[in-house]
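> Sequence:
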Amino acid sequence: MENGEWRIERNGERGALNYKGYKITEESSGIFVEGVRDFHPVHIFECGQCFRWIRDEEGGYTGVVRDKVARINFEGDILQIQNAIAGDFEELWFDYLDLGRDYGAIKEQLIQKDAIMEKAIEFGHGIRLLRQDLWETLISFIISSNNRIPRIMKIIGAIAGAYGEELWLEGRRYHTFPPAGRLAASSVEELDVCRGGYRCKYIINSAKMLHSGVVDLERLKGLGTEEAREEIMRLPGVGPKVADCILLYSGTRYDVFPTDVWVKRVMEELYFKKETSIKDIQRFVREYFGDLAGFAQQYLFYYARENRIGV
DNA sequence: CCACAGGACGGCT
DNA sequence: AGCCGTCCTGTG
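Count along the first sequence from 1, then add 1; that gives the number in this note's numbering.
These are calculated hints, taken from the structure and not from any lab test. Every residue, glycine too, gets a C-beta built ideally from N, C-alpha and C. Accuracy of the hints is not assured; some may be wrong.
As the list claims (entries may be wrong) - Computed cross-link-like contacts, DSSO-like style, restricted to lysine-lysine with a CA-CA straight-line distance of at most 27 Å:
#, residue 1, residue 2
1, Lys155, Lys209
2, Lys120, Lys242
3, Lys114, Lys265
4, Lys265, Lys275
5, Lys242, Lys280
6, Lys202, Lys242
7, Lys222, Lys209
8, Lys209, Lys242
9, Lys275, Lys120
10, Lys242, Lys275
11, Lys242, Lys222
Claimed, not checked - Cβ pair distances, simulated, as ranges:
#, residue 1, residue 2, range
12, Glu171, Ile79, 15 to 23 Å
13, Val215, Asn148, 22 to 30 Å
14, Ile79, Glu167, 27 to 35 Å
15, Asn308, Val189, 38 to 46 Å
Input sequences plus hints: build the corresponding full structure.
Written as structure tokens, this is what we have:
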């Protein structure tokens, strides 16, 4: 089925549509997407790649993507996206949730590598790499440096609250993430209310460099991995680790292996059995996992963190 | 009061 | 190229 080719089958109140192999049913509360495999909200939203999805008591996740706020549930092979219409699925959610990729095939390849990967994949079988907005991912991971997840979420939420547009869902207020121009027009002093500390000046200066065109994020997609890394590392607050996170979690490059202190310890414990430099780890994974390095990193990291390996 | 956290930066050798 | 002190804030 080609992009945008919808087959509408109306049955009474419901409208069932097909989009790229998924069956979509639209209701007043939102949409249901049938035929979704390799998907587990906990694995996806709590594997460290995103900071704007909040879990509720019923196990649903509510978050803001671009100019939409939605709530996601999953059961069996049915994905429920509340506060979304069928058009949003084609425009936004299909791409954001990376539903065009066969994670079954990726897992099959990685499982063949070794018993470590097999175990990690069994544990995080429902992980998917979200294709997040490049600009928001950039700022998110500048904030992530020397920081823990709860605080990262708090700072990003504060930035959205101070600079973003209001969105409402079930009587609750949410905010979009502001565009680069909005932060470029601000100041370090103003941004300071978000409690980002010394990262605030990195954020403002990066926003200014992007807004003035000194660095062009659009250009990244046409570059090779090494060139793309070097390009975003020109931005203040972006070092090697943050650069790899930005490229991977925005869906720009998948042959990167973000190596923080956790991943380093995990690789040392599971693969090397001795202290190993980040450089040597990168050399190894590039050769060993190749184009699937980014996916392998995500399965390994989630497995290790949840099982407290490398502590 | 102090150590430390899912890094980057700048100054040093 | 590698090593190390410092950086803002929150938590223990």
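> Looking only at beta-carbon atoms, does the pair Glu171, Ile79 fall within the given range of 15 to 23 Å?
21 Å, holds
> Given the hinted pair Lys120 and Lys242, is their Cα-Cα distance within 27 Å?
25 Å, holds
> Has the hinted range 22 to 30 Å been met by the Cβ atoms of Val215 and Asn148?
Between Val215 and Asn148, where Cβ atoms are some 26 Å apart, the hint holds.
> Would you check the hint for Lys155 and Lys209, treating anything up to 27 Å between C-alpha atoms as holding?
23 Å, holds
> Look at the Cβ atoms of Ile79 and Glu167 and judge whether their distance stays inside 27 to 35 Å.
30 Å, holds
> Quickly compare the C-alpha distance for Lys275 and Lys120 to 27 Å and report which way the hint goes.
21 Å, holds
> Under the criterion that the straight-line Cα-Cα distance not exceed 27 Å, is the pair Lys222, Lys209 satisfied?
21 Å, holds
> Check whether the Cα positions of Lys202 and Lys242 lie no farther apart than 27 Å.
Judged against 27 Å, a Cα distance of about 19 Å means the pair holds.
> With the threshold set at 27 Å, check whether the alpha-carbon distance from Lys242 to Lys275 stays at or below it.
21 Å, holds
> With the threshold set at 27 Å, check whether the alpha-carbon distance from Lys242 to Lys222 stays at or below it.
Answer holds: Lys242 to Lys222 is near 19 Å, not above 27 Å.
> Lys209 and Lys242: Cα distance at most 27 Å?
22 Å, holds
> Is Lys265 within 27 Å of Lys275, Cα to Cα?
Given pair Lys265, Lys275 holds - Cα atoms ~11 Å apart, limit 27 Å.
Violated hints for the displayed structure: none, as all numbered hints are satisfied.
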